[in-house]
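Enquirer: Residue-level listing of the chains:
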Amino acid sequence: MSNKTTTRRGILRGALAGSAAAIAGRAAANPDPLITETQDWAIYTGDPVDATPYGLPIRFEADVIRRNVPWLTADPISSINFTPIHALDGTITPQGCAFERHHSGAIELAKENYRLMINGLVDQPLVFTYEDLERFPRENHVYFCECAANTGMEWAGAQLNGVQFTHGMIHNMEYTGIPLRALLNEAGLGAAGDLADKWVYVEGADASSNGRSIPMEKALDDVLVAFKANGEALRKEHGYPVRLVVPGWEGNLWVKWLRRIEVTDMAVESREETSKYTDVLADGTARKWTWVMDAKSVITSPSPQQPITHGTGPLVITGLAWSGHGQITRVDVSKDGGMSWETARLGRQGDSKALTRFYLDTEWNGEPWLLQARAIDETGYVQPTKDQLRDVRGENSVYHNNGIQTWALAADGRAENVEVS
Amino acid sequence: MSKFPNSSLAISAAGGTALLLGVAYGVSTNGYGEDRIATLQTSLDEARAAFTAQSAETGDLEAALGDLKAATVAQMAELRAAAAQQAESAERQIAALQAQLQSVPSGAAQPTAEPMTAESGQPLNLGRAALPEEIAAWDVDVLPDGRGLPGGSGDVLTGEEVFTEKCASCHGDFAEGRDNWPVLAGGFDTLADEDPVKTVGSYWPYLSTVWDYVHRSMPFGNAGTLSDDEVYAITAYILFSNDVVDEDFTLSQATFSNVTLGNVDGFVVDDRDEVEYAQWHAEPCMANCKATAATITRKSTDVGVTPADDGSMAESFMEQQLAALGGVEWGKERVAGSVHMGEGGVAEDEPVAQVANAEAPVAIKDADAPDPALMAAGEKAFRRCKSCHSVGEGARNKTGPHLNGVLGRTIGGLDGFRYSNAFQSAADAGQVWDNESLAAFLANPKAYLQGTKMSFAGLKSEADIEAVTEYLRSFGG
Numbered sequence: 002m003s004n005k006t007t008t009r010r011g012i013l014r015g016a017l018a019g020s021a022a023a024i025a026g027r028a029a030a031n032p033d034p035l036i037t038e039t040q041d042w043a044i045y046t047g048d049p050v051d052a053t054p055y056g057l058p059i060r061f062e063a064d065v066i067r068r069n070v071p072w073l074t075a076d077p078i079s080s081i082n083f084t085p086i087h088a089l090d091g092t093i094t095p096q097g098c099a100f101e102r103h104h105s106g107a108i109e110l111a112k113e114n115y116r117l118m119i120n121g122l123v124d125q126p127l128v129f130t131y132e133d134l135e136r137f138p139r140e141n142h143v144y145f146c147e148c149a150a151n152t153g154m155e156w157a158g159a160q161l162n163g164v165q166f167t168h169g170m171i172h173n174m175e176y177t178g179i180p181l182r183a184l185l186n187e188a189g190l191g192a193a194g195d196l197a198d199k200w201v202y203v204e205g206a207d208a209s210s211n212g213r214s215i216p217m218e219k220a221l222d223d224v225l226v227a228f229k230a231n232g233e234a235l236r237k238e239h240g241y242p243v244r245l246v247v248p249g250w251e252g253n254l255w256v257k258w259l260r261r262i263e264v265t266d267m268a269v270e271s272r273e274e275t276s277k278y279t280d281v282l283a284d285g286t287a288r289k290w291t292w293v294m295d296a297k298s299v300i301t302s303p304s305p306q307q308p309i310t311h312g313t314g315p316l317v318i319t320g321l322a323w324s325g326h327g328q329i330t331r332v333d334v335s336k337d338g339g340m341s342w343e344t345a346r347l348g349r350q351g352d353s354k355a356l357t358r359f360y361l362d363t364e365w366n367g368e369p370w371l372l373q374a375r376a377i378d379e380t381g382y383v384q385p386t387k388d389q390l391r392d393v394r395g396e397n398s399v400y401h402n403n404g405i406q407t408w409a410l411a412a413d414g415r416a417e418n419v420e421v422s
Numbered sequence: 013m014s015k016f017p018n019s020s021l022a023i024s025a026a027g028g029t030a031l032l033l034g035v036a037y038g039v040s041t042n043g044y045g046e047d048r049i050a051t052l053q054t055s056l057d058e059a060r061a062a063f064t065a066q067s068a069e070t071g072d073l074e075a076a077l078g079d080l081k082a083a084t085v086a087q088m089a090e091l092r093a094a095a096a097q098q099a100e101s102a103e104r105q106i107a108a109l110q111a112q113l114q115s116v117p118s119g120a121a122q123p124t125a126e127p128m129t130a131e132s133g134q135p136l137n138l139g140r141a142a143l144p145e146e147i148a149a150w151d152v153d154v155l156p157d158g159r160g161l162p163g164g165s166g167d168v169l170t171g172e173e174v175f176t177e178k179c180a181s182c183h184g185d186f187a188e189g190r191d192n193w194p195v196l197a198g199g200f201d202t203l204a205d206e207d208p209v210k211t212v213g214s215y216w217p218y219l220s221t222v223w224d225y226v227h228r229s230m231p232f233g234n235a236g237t238l239s240d241d242e243v244y245a246i247t248a249y250i251l252f253s254n255d256v257v258d259e260d261f262t263l264s265q266a267t268f269s270n271v272t273l274g275n276v277d278g279f280v281v282d283d284r285d286e287v288e289y290a291q292w293h294a295e296p297c298m299a300n301c302k303a304t305a306a307t308i309t310r311k312s313t314d315v316g317v318t319p320a321d322d323g324s325m326a327e328s329f330m331e332q333q334l335a336a337l338g339g340v341e342w343g344k345e346r347v348a349g350s351v352h353m354g355e356g357g358v359a360e361d362e363p364v365a366q367v368a369n370a371e372a373p374v375a376i377k378d379a380d381a382p383d384p385a386l387m388a389a390g391e392k393a394f395r396r397c398k399s400c401h402s403v404g405e406g407a408r409n410k411t412g413p414h415l416n417g418v419l420g421r422t423i424g425g426l427d428g429f430r431y432s433n434a435f436q437s438a439a440d441a442g443q444v445w446d447n448e449s450l451a452a453f454l455a456n457p458k459a460y461l462q463g464t465k466m467s468f469a470g471l472k473s474e475a476d477i478e479a480v481t482e483y484l485r486s487f488g489g
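Chains A and B supply the protein sequences, listed in that same order.
The numbering of the first sequence is our numbering, which starts it at 2 and goes up by one.
The numbering of the second sequence is our numbering, which starts it at 13 and goes up by one.
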């Protein structure tokens, strides 16, 4: 035997010893009965087809549901609940657990009773039926819809202990719909003259008759009149049969049960754009028309509702990032409350104005961490800290809190909503 | 974008350049203008280079002239004239560019460089013409300048009556807000406080919004039922409650423009692009980003307080910044592995198919089937109660107690609901709800049980009372 061979053997033996040690560390004391004993599900047959003509998630997932904060509202008719983002992965939000916000409850409006009116400064005021809408060329786009009040309860400090409650007023769906500009073109905008200073006022059919003014530039850009989400009809609670989709802009503009579009020569200044959805600054003045949702991100796991239960070793940190200005280009994660940062991996290249999933594949050795995520979008906007936001706006804005969130991860694997220096 | 011609520029362009760069700098915080400014700057740089090259060329020419002494004075004059002409044209171009730059708007609704148009495609001739009656029925918005207001009028005193009857149950007799329902009056000079009170008087910028919102959306649960005169009267009363008008004021199209709300100048158009974006565009720090290690300054679990049982409207609550609330430790619940389901949710072993049926209407208990028309009327009348009371499966206490089985129930008899003293005394006396007591209570709650906290003016019509009673009976009792 040559030295050479011996040497190679030595290396091989060393490597084998290493993996033997690893195997010893993974050794099970006793055989697993789930493997050694034949289980019921491997003996008896399961449900036939059609057991549930429209399937719900299996009962083991029964806690992946929308929740509201009971003390937040006297009345669930004008209220909000939250998407269980802590328990979801990928980017698409299933409709059944996508947050709801109603001002007068979710109404039942059948397709055959649906009418959409376009009036105001148009050449020919029109009425469309649902069937009419289906005859326009349609498009598919994925967009996030975030309530301007998302994270609004956190302005004065860490308050709700769960990412579902701090960041769950958001969902992300693939919409099928018609560009609003096609409908405006159908009615003709000649009567509106110079479009630069014109608006569209959009209004819902429910009792609140929520209405908002949108500048014409946006209306002609990427706004959709949508009737499908994630491939199926919109859910009642999201505006069945037709809602407006206003990409990148606050959820209140995404009028549900859309019944009317009016071209106007000024903003209507409705209750929802004066009394509400305006942002009071520290000096008592308020910003209005704050439509765009700035770049934001949050770690969804680990998080207070999603503690680490597997102990030390490999850990996947994951979360969501989004920007109303376009694509997310980068997400950084900090484990030490913002002292140092690592760049996370994007699940896939993000769509513009849609949720982007990020992952940081890492090791946890059981030490306490202060976890944060920071989003950067294609315009170069870097998600600010909560203190940076408060320095500019004070604590009374209610809306548009896109500050960096901190979870304190404890040695036992639990995470808590905190703020750091 | 027009570019400078590559030929040449004269000295005088330099002054214009500095001015132009100044303008460019002035608007450079505006995200929209940045592209155009970049293009302009490139043009300027090119122009400068051309100018330098041209000067060099002129210098060469002059040297050649000196050396050869062949050029005539006339030739020199021609060259100078040409240079002057070029200078003039450059100045004109700079002026045009400046005008373009200044027209780059800084407001939120920015026009694109091209004139805006809708899709150029041919209309598809879908839909049908909207009829005037249809437009009149739906197009009811009122603009800040008063356009859209219908005829009619209403005065403060009438408004007070209508408000007491239709609004005070939730908003308080003086629109001061009750049980955490939205506050409509007061809150003056609080906008810069820790907890601003945002009301029509303290916050709303336009009177048109009050008219429009009350007209289309209130009373809650019975929207769109007010006559135009009632809306005028109520709006006048809300103005009066906010010290904006006197007691003898009448609101109409004619007097509308005499009223200005206090906070009309309190709003600025979104200026995040100027105030915030520049400072949040820096290349982010990756290491040693803080002077000292981060420490925890505030924990959500320290805030823990019991959830309020009467709660409040979501947004008014958020606006109060929820200073002392929080309580529920969702994380722990999850750690413990428990399944959190609301009332009426799925029990662990219920088959999924039954879940789908959970929303099925509650079966009517009574053997002698109630009159369906009466039930329908009762259900409709109950809409006025729904914001405070629930019935049926999963009913829970809200602002008012749940009303399942209320007939035959002890007055004020539900455990776990905080009744007023008036109700507690009735409970102690062992009084029970029957047709008569319920009818008397519903006709005028405050008169029947002085001190009740049921903020409801009462049902005026006996038919409604009978219908609602039968409807309640269908939920047991």
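Derived from the structure by calculation, the hints contain no laboratory data.
Keep in mind that the hints are not guaranteed to be accurate.
Computed cross-link-like contacts, DSBU-like style, restricted to lysine-lysine with a CA-CA straight-line distance of at most 30 Å [unchecked claim]: (1) B:Lys392 x A:Lys237; (2) B:Lys392 x A:Lys336; (3) A:Lys112 x B:Lys392.
Model, not experiment: these values are computed from the prediction.
Enquirer: All hints, please: hold or fail.
Expert: Now the hints, each set against the structure:
1. B:Lys392 x A:Lys237: 21 Å, holds
2. B:Lys392 x A:Lys336: 56 Å, violated
3. A:Lys112 x B:Lys392: Holds - the C-alpha atoms of Lys392 (chain B) and Lys112 (chain A) are around 24 Å apart, at most 30 Å.
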